[in-house]
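Dock chain B against the given chain A, drawing on the hints supplied.
Residues per chain are reported as follows:
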Amino acid sequence: MRRSVVPAIGLLVAALAVAALPALAPLYYVTLMLPFMAYGVILLGLNLLFGYTGLVSFGHALFIGIGAYTGAVLTTHYGIRHMELILPIAALAAAVVAAPVGALCARYVKIYFGMLTLAFGMVFYTFLLKFYRLTGGDEGMRMLRPSLFGHDWAGLSKTAYLVGPYYYFSLAVLALATVVMWRIVRSPFGLCLRTIRDNPLKAESLGVSVPWPRWYAFMISAIYAAVGGALLAPPTGNVDPTLAYWTHSGNIVFMVLLGGFSSFFGPLLGAFVFIFLQDTVMSVFPYWRLVFGAMLAGIVLFAPGGLMGLVTRRPHGEAAGA
Amino acid sequence: MILEARDVRKLYGPFVALDGVSLAIREGEFVSIIGPNGAGKSTLINVLTGTLAPSAGTVRVRDRDIAGSGPGALARLGMARSFQLVQIFPELTVLETLQAAVISRLGRGARLFASLRGDRHVQAEAQDVAALFGLADKAHVRARALPQGDKKLLDVASAFALKPEIILLDEPTSGVSTADKHGIMEILVGAAKRMGLRAIIQVEHDMDIVFGYSDRVIALHQGRVLADATPTAIRDDPRVVDAVIGRKSPAARGSR
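Each protein sequence line maps, in turn, to chains A and B. Following our numbering, the numbering of the first sequence begins with 1 at its first residue and continues without gaps. Following our numbering, the numbering of the second sequence begins with 1 at its first residue and continues without gaps.
Extracted from the complex, chain B is given alone in its bound form:
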C-alpha cells in the first residue's frame, strides 16, 4: 500500500465535508476520484497532500502518518501535486521553474553563492523534464507568456521534477480546450512511465478522461465513498450514474 486514508473526516464548522472516507492506493495504479460539486473532492486532495489536517482519521504514506504535515514535508516524502487552478511562477522561465523543483528536491535551496548555471546536474534534470513534457523549445519563455495548455503542463511538469513516487493531480485538464485534453493526458501518462512514478491520483470531471486512463475509479458523494471499482464497474453502477455521471437524455441516446 503506497497511500492509505482511513476514516477521514473533515468538518468546516457544522458542515461535514468528508464523512469517514477510506481509500487505499496500490503501487502502479492510476486512480481517479470523481463526484459532483461539493462531494468533497478538493477537500480530500488537500487532506491527502497534507495541506489540510483531517478532523479525524489517518492518512499514511508508506506507513507514515502524514496528516496535516504540510506540503513541504510531503514533497520530501515523495508526494507531489498540481492544482485545479493552474499555479505557475509568472516571471520565471519554463526552465527556471523546473530548476526550482530540482533544487528543492536536492536540498540545494540554501546555497547562497553557488552558481545555478554551473550546476550541471540541476540543469540537465530540468532540461530532461522539459523535453519529456514537450516544453524544450519553450525553455526560455516566461511562464506568463505560455498558452493555457502549456501553463497547465508546466504546473504538472514542475511537480514531476520533484521525482515523486505519488502524484496528485487536481483536474489536470480543467480550463483546457477539449482538443488539448487528450494531448495533455498522453504526455502526462508517458512522462509518468518514463520517470517511474508509482501511483497517480487525479480528480477529474471529464468522464472521457476518467474512463480512458484510470485503473480504478473512486466516486465520492456527500463526503462519503459511494463506489470504489474498475471503470467498467463504475460505469454500470446505477448509484454512480445517478449521483455523478448523469444519465443521457433519451434524445441524446437516440442521436448516437
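One chain only, chain A, in its complex shape:
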C-alpha cells in the first residue's frame, strides 16, 4: 500500500510545481518547460513502442514532422488557428501515414524494424526538403500563433502568450496524454504488448495475436508524436525539415534511455533532464554533443534502467506496482 501512495504524492507535488512554475520561476525557465511538455507527449507515445512493445523506432521524427507541418499548413494556408482543431487533425494525418508504414514495419523486429522506420523517416525528410513549393524546403514554414481555449490572445506579447495560455494549454495536453497512456499500459491490451515484447513465441502459444497489437502500438505512438510535434511549433513560430531528420529521432530515443524505458514516468524525466541539461551545457561548453555522447555511453553501460532505474531500484525480481 505504502509503495503506491509515495509515488502518487510525488506525482501530485510535481504536477502542482509545474502548474505554479510560471508564477515562481524566471521567465526563461518557464519557456524551457514548453519543449519539455511537447517532448513529454512524444516520449509517452514512443515508450509504448520502445519500453512496452520492445520495438525501437529510429524514424519517429517522421511523425513529429507531420504534426508540426500540419500545424504550420493549417495556420498559414487554411486559416485554421484553433489549437483544439489543429491537434486532432495532426493526429489524423499521422494515423493516415502510420497505418501503412506501421503495417509494414510491425512485421519486423530489432534492427530490421529500426532500419525500416529510419528509411521511412528519411523519405519524409527528403520530401520536406525537396518539395519546396509545398513545404518551403530547408527554410521551412511559419507557424502562426494559434488560438487557445477559444481566444486568439492577440493582446498578449509573444512571451506573455507562451508563458501564459500556451503554457497551461500544453500542460493540459500533457496531463491528458499521460492519463490516457496510463490507462493504455494498465489495460489488457498493455499486458498483451508486454507478453509480445518478452517472448513472442510464448505469447502466440497462448493465443495472443502478435502483429496486431504491434501495429496498434505503432499507431498510438505515431499519434502521440504528431500531437507533441504540433505543440513544438508555436514557441519557435517556425517549422523546418530538421524536425523530421534522423538525428531528431535519435535524440528522442536518447531521452527515453536517459529517463529509463522500463518505467512509465522515466521518459518524462528523460525529457525534462535532457532539455534543461542541454540548455545548461550549451551555455558553458560549445561541444555539448560530446558531453551527451559520453552520458549515453555511461547510461547504457552502468545504468540501463536510466535515471528512473537509479531512483526506484527494487529488490531483485520484485515487480513494480505489486
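Read the hints as simulated data drawn from the structure, not as lab findings. Don't take each hint at face value.
[What the hints assert, rightly or not] Reference excerpt, derived from the structure (chain A facing chain B, CB under 8 Å, subset only):
id: 1; residue: 151
id: 2; residue: 152
id: 3; residue: 183
id: 4; residue: 184
id: 5; residue: 186
id: 6; residue: 188
id: 7; residue: 189
id: 8; residue: 191
id: 9; residue: 192
id: 10; residue: 194
id: 11; residue: 195
id: 12; residue: 201
id: 13; residue: 202
id: 14; residue: 205
id: 15; residue: 206
id: 16; residue: 207
Think of the CB as a built atom: it goes at the ideal place given N, C-alpha and C, for glycine as much as any other residue.
Showing chain B alone in chain A's frame:
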C-alpha cells in the same frame, strides 16, 4: 476421439522426420510419446499443435482439420502446449503471465482502456490457477527471478490458464532436478483433474515419469510408430526396449 492424426508425414528436404504416423487420443487419456533422439517426437508435437504443417496426412481436433493452422487458432480450439525449453515472460510477474492467458482466452486483448486490475473475473481466474500450481505466494515475483522448477510450472500453468481440453507437454520435467520431477508431475496431474482437462499428451524421456503417470504409451522410432500400448505392454515389448528404453546391463541388474 478428441485428437486424431492420420498418416502424417513431414519432410525436411530429403530427410523424413515423420513417416506415416497415425495416432488417436481418447477422452480422459494421459498419453506419453517416447522415442530416442531424432525419432520425430518434437516434430510430431509441432505438427499436433499446428506449429508445423505436415507434408502429407491430416490432424483433426474434434473432427476439425487443424493441419498447420497455427498456435493461436489452436488455443481457441481448446488446445494448449508447453515447451521443452521453458518459455516464460521474463519481466512479467507470475500473476501477469496467468492473466495474459486468461485475457487471451476471453478475447479481451484488444481492450485498450479497460482496467486490468478492475477486471475481477480475470484476476480471480489467474489467482485460482496460481493457487492450483502452488505459485500463489510468488504471485508478484517476476518470472525471471523464479527457480527453474517454478519457471517450468509457470510455463505449464499459463497453458492451463487457457482452460484447454487437450494439453501437449513437451518434456514437462526436462531441466528439473530428479527430486523435483515427481512434485511437478503431481501438481500437474492434480491441476488437470481439478480443471477438467480431457486429455494430456506428453513427450518425455524419463521412464519413471512415463510409466508412473501414463494410461498409454506411444513409442516412435525413425519417424514411425513402433508401438502403441499400455505401459505394461510397452515395458515388455522387446522392440521398444531395444530401440527406446535400453536394456539394463547385467551388472546394473545384479546390483538391484
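Structure-based check of all given hints:
1. 151: violated, 31 Å
2. 152: violated, 34 Å
3. 183: holds, 5 Å
4. 184: Holds: closest Cβ of chain B sits about 6 Å from residue 184(A), inside 8 Å.
5. 186: holds, 6 Å
6. 188: holds, 4 Å
7. 189: With a minimum Cβ separation of about 5 Å from chain B (threshold 8 Å), the hint on residue 189(A) holds.
8. 191: Holds, because the Cβ-Cβ distance from residue 191(A) to chain B comes to roughly 5 Å (cut-off 8 Å).
9. 192: holds, 4 Å
10. 194: holds, 6 Å
11. 195: Where the cut-off is 8 Å and the nearest Cβ of chain B is about 5 Å from residue 195(A), the hint holds.
12. 201: holds, 6 Å
13. 202: With Cβ-Cβ at 4 Å, under 8 Å, it holds.
14. 205: Interface hint status for residue 205(A): holds (5 Å vs cutoff 8 Å).
15. 206: holds, 5 Å
16. 207: holds, 3 Å
Hint compliance for this structure: hints 1 and 2 are broken, all remaining hints hold.
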